[in-house]
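There are 2 protein chains.
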Amino acid sequence: MTNLTLRQLRYFEALAHHGHFGRAAEACAISQPALSMQIKELEGSLGIMLFERRARQVWLTGFGEEFALRVGDILRSIDELDELTRASRDTLQGRLRIGVIPTIAPYLLPTLIGNLNQMNAGLDLHVRETLTPTLIQELAEGRLDTAIVALPVSEMSFSEVALFSENFVLIRPGADEGKPVPDRENLRDMRLLLLEEGHCFRDQALSFCNIQSVQQGLDASSLSTLVQMVGAGIGVTLLPEMAIAVETGSACVSVSRFASPQPSRTIGMIWRKTSPLAQQLLQISEVVRQSAVTLREQHNA
Amino acid sequence: MTNLTLRQLRYFEALAHHGHFGRAAEACAISQPALSMQIKELEGSLGIMLFERRARQVWLTGFGEEFALRVGDILRSIDELDELTRASRDTLQGRLRIGVIPTIAPYLLPTLIGNLNQMNAGLDLHVRETLTPTLIQELAEGRLDTAIVALPVSEMSFSEVALFSENFVLIRPGADEGKPVPDRENLRDMRLLLLEEGHCFRDQALSFCNIQSVQQGLDASSLSTLVQMVGAGIGVTLLPEMAIAVETGSACVSVSRFASPQPSRTIGMIWRKTSPLAQQLLQISEVVRQSAVTLREQHNA
DNA sequence: ATTAGTCATAAGAATAACTTATCATAATAA
DNA sequence: TTATTATGATAAGTTATTCTTATGACTAAT
Chain A
10 MTNLTLRQLR YFEALAHHGH FGRAAEACAI SQPALSMQIK ELEGSLGIML FERRARQVWL
70 TGFGEEFALR VGDILRSIDE LDELTRASRD TLQGRLRIGV IPTIAPYLLP TLIGNLNQMN
130 AGLDLHVRET LTPTLIQELA EGRLDTAIVA LPVSEMSFSE VALFSENFVL IRPGADEGKP
190 VPDRENLRDM RLLLLEEGHC FRDQALSFCN IQSVQQGLDA SSLSTLVQMV GAGIGVTLLP
250 EMAIAVETGS ACVSVSRFAS PQPSRTIGMI WRKTSPLAQQ LLQISEVVRQ SAVTLREQHN
310 A
Chain B
10 MTNLTLRQLR YFEALAHHGH FGRAAEACAI SQPALSMQIK ELEGSLGIML FERRARQVWL
70 TGFGEEFALR VGDILRSIDE LDELTRASRD TLQGRLRIGV IPTIAPYLLP TLIGNLNQMN
130 AGLDLHVRET LTPTLIQELA EGRLDTAIVA LPVSEMSFSE VALFSENFVL IRPGADEGKP
190 VPDRENLRDM RLLLLEEGHC FRDQALSFCN IQSVQQGLDA SSLSTLVQMV GAGIGVTLLP
250 EMAIAVETGS ACVSVSRFAS PQPSRTIGMI WRKTSPLAQQ LLQISEVVRQ SAVTLREQHN
310 A
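Residue numbers (our numbering), protein chains in the order written: chain A, 10 to 310; chain B, 10 to 310.
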């Protein structure tokens with residue numbers, strides 16, 4: 010048993026509906042014998058008659074009626090499966106697990122989530138905020154669908170697309186407002202406050218200053234803390250552009266741009282090359298890019 | 010679209026479960042390429058990837074998970090369909106529409122319904138009580154599955170089985186108790202009360218008396234009424250054996266058997282020769298026969 | 001008695017599904 | 001690195017299923 014087919018169920022439903030082999034067959038776009046055979050096959054494999062055939066009419070047996078009710082439900086479920094598929098084919102639906110580094114997440118996500126939800130009704134967004142190495146591992150293991158990180162990541166098995174680049178600005182105590190902006194050489198002699206080990210932004214800042222490491226045990230766990238420390242006069246720090254609006258609102262600090270070439274980093278999106286979502290992730294990346302643009306415009310306005 | 014098959018869904022479920030083409034194929038008792046092809050076919054017809062394939066692992070995409078949930082429900086429904094079928098194959102389940110003539114129904118049905126329900130848990134019994142011509146028509150039109158009537162019905166398109174025969178007894182006013190039992194010739198001269206036109210029992214009674222019709226407009230609509238009329242001294246009547254216990258309980262009437270050969274009729278069951286229920290109806294007829302036997306024994310005890 | 005309507009059956013053609021053999025790729029081991 | 005192993009994809013050919021057309025059988029209506 011259990012070799013009944015959806016085809017048989019569809020033919021069965023048609024015959025139950027039309028009560029006439031010829032017309033049911035026509036409705037199924039097949040010949041009458043083809044339908045007769047499938048019905049016969051179905052009844053044979055079930056071991057029960059579904060229809061009573063009489064000279065000029067065909068009707069369901071009692072069992073056939075019960076059967077028809079269930080078959081109707083099943084075929085409707087199959088139809089829904091089709092609808093679900095059609096709805097998901099182009100626009101991404103369902104779960105999307107996205108990882109974001111901590112120096113991007115708090116600033117970009119509010120806008121991004123808003124944009125994604127607006128464009129994509131059926132999206133179930135799971136956000137993971139953690140350091141790049143963890144994101145890379147979880148992405149590789151299939152526990153994330155994509156991640157927003159600083160490029161490059163240089164993983165052979167990942168695709169990456171650049172989204173935007175953001176400059177770094179200098180944050181000094183409020184009292185330093187108006188003082189000349191130091192260049193990278195001078196910066197090395199100032200007390201530069203940094204994020205904890207593991208944050209890519211720490212490495213990017215160090216790299217700009219051409220130093221390998223700093224000795225003092227004052228590393229902060231968030232940009233927000235860094236800015237507070239600068240406000241307290243403990244030292245200076247760098248901030249990615251995107252964080253300025255949020256982080257310097259309340260603290261009394263001075264924000265200065267560096268002379269060209271300004272330090273910067275490139276933010277991009279990565280996913281497994283094998284990911285079947287590649288197509289849609291590329292679309293998503295466009296939304297992310299647009300969210301960053303919107304954010305910047307809001308800031309400048 | 011819409012040419013996805015149950016086979017594909019079963020293979021899909023197996024692969025989703027095992028996460029491994031080879032083992033899933035083994036579980037489906039097919040070769041690995043066969044499964045690969047069906048999955049590929051499925052994904053192709055859907056237009057979406059269901060699995061992400063990597064070197065040593067295969068997992069569901071987000072859409073695939075949603076898909077799997079629904080597919081699981083559908084396959085379980087199909088399994089239930091099988092169970093329903095297995096349960097219905099031998100013992101009659103579901104709706105059974107049975108017609109019974111009015112001179113049998115009130116006496117036989119209580120016992121019969123009890124027996125059927127006892128033997129047959131899943132039986133949804135619909136009883137129709139009306140005159141033989143109506144029963145025959147509704148049976149022919151497929152609005153009944155079977156009927157219990159007096160034989161013969163002589164319809165070419167019906168099968169009939171005899172169930173039992175029952176004698177007719179004479180019902181006279183209580184005061185006639187002990188008087189000699191008239192034979193059919195004498196009976197013709199007594200005031201014989203009958204059911205309305207259309208009742209087969211009316212014709213059977215007339216036939217026994219060798220008369221075509223009676224003139225008086227005193228026809229009753231039920232045996233119960235007839236007995237009440239006899240009790241009131243209006244005349245005499247005949248009663249089928251099965252009705253005696255119920256109908257003569259309260260009225261003050263005399264019950265007498267005729268001399269051999271006693272008048273009688275044969276009760277049988279009929280159904281369309283084309284009915285797929287034939288097999289089971291034959292079983293049902295055995296239950297009806299047994300119910301009549303039980304009834305008679307109760308009466309004689 | 002003949003005709004028309006309807007479903008079943010038969011034979012052969014077209015499709016679909018499967019099997020075995022083989023290839024390609026990537027992770028593991030040497 | 002290089003060889004090995006595990007695993008899924010592909011190709012070619014076979015088998016099974018499903019379809020079509022032609023025809024038969026039965027029954028109701030003319």
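It cannot be assumed that every hint is accurate.
Label pairs and their computed distance ranges (CB to CB) [said to hold, decoys possible]:
| hint | chain 1 | residue 1 | chain 2 | residue 2 | range |
| --- | --- | --- | --- | --- | --- |
| 1 | A | Thr275 | B | Ala64 | 28 to 34 Å |
| 2 | A | Leu134 | B | Arg32 | 43 to 49 Å |
| 3 | B | Val170 | A | Glu35 | 50 to 56 Å |
| 4 | A | Ala64 | B | Val170 | 21 to 27 Å |
| 5 | A | Thr100 | B | Ala96 | 58 to 64 Å |
| 6 | B | Gly207 | A | Thr14 | 21 to 27 Å |
| 7 | B | Arg32 | A | Ile243 | 56 to 62 Å |
| 8 | A | Asp88 | B | Glu205 | 39 to 45 Å |
| 9 | B | Gly53 | A | Ala254 | 26 to 32 Å |
| 10 | B | Gly207 | A | Glu35 | 54 to 60 Å |
No lab work stands behind these hints, which were simulated from the structure alone.
All C-beta atoms, glycine included, are put in the ideal place defined by N, C-alpha and C.
Here is how each hint holds up against the structure:
no.: 1; hint: Thr275(A) - Ala64(B): 28 to 34 Å; verdict: 30 Å, holds
no.: 2; hint: Leu134(A) - Arg32(B): 43 to 49 Å; verdict: 33 Å, violated
no.: 3; hint: Val170(B) - Glu35(A): 50 to 56 Å; verdict: 40 Å, violated
no.: 4; hint: Ala64(A) - Val170(B): 21 to 27 Å; verdict: 24 Å, holds
no.: 5; hint: Thr100(A) - Ala96(B): 58 to 64 Å; verdict: 44 Å, violated
no.: 6; hint: Gly207(B) - Thr14(A): 21 to 27 Å; verdict: 50 Å, violated
no.: 7; hint: Arg32(B) - Ile243(A): 56 to 62 Å; verdict: 60 Å, holds
no.: 8; hint: Asp88(A) - Glu205(B): 39 to 45 Å; verdict: 54 Å, violated
no.: 9; hint: Gly53(B) - Ala254(A): 26 to 32 Å; verdict: 48 Å, violated
no.: 10; hint: Gly207(B) - Glu35(A): 54 to 60 Å; verdict: 44 Å, violated
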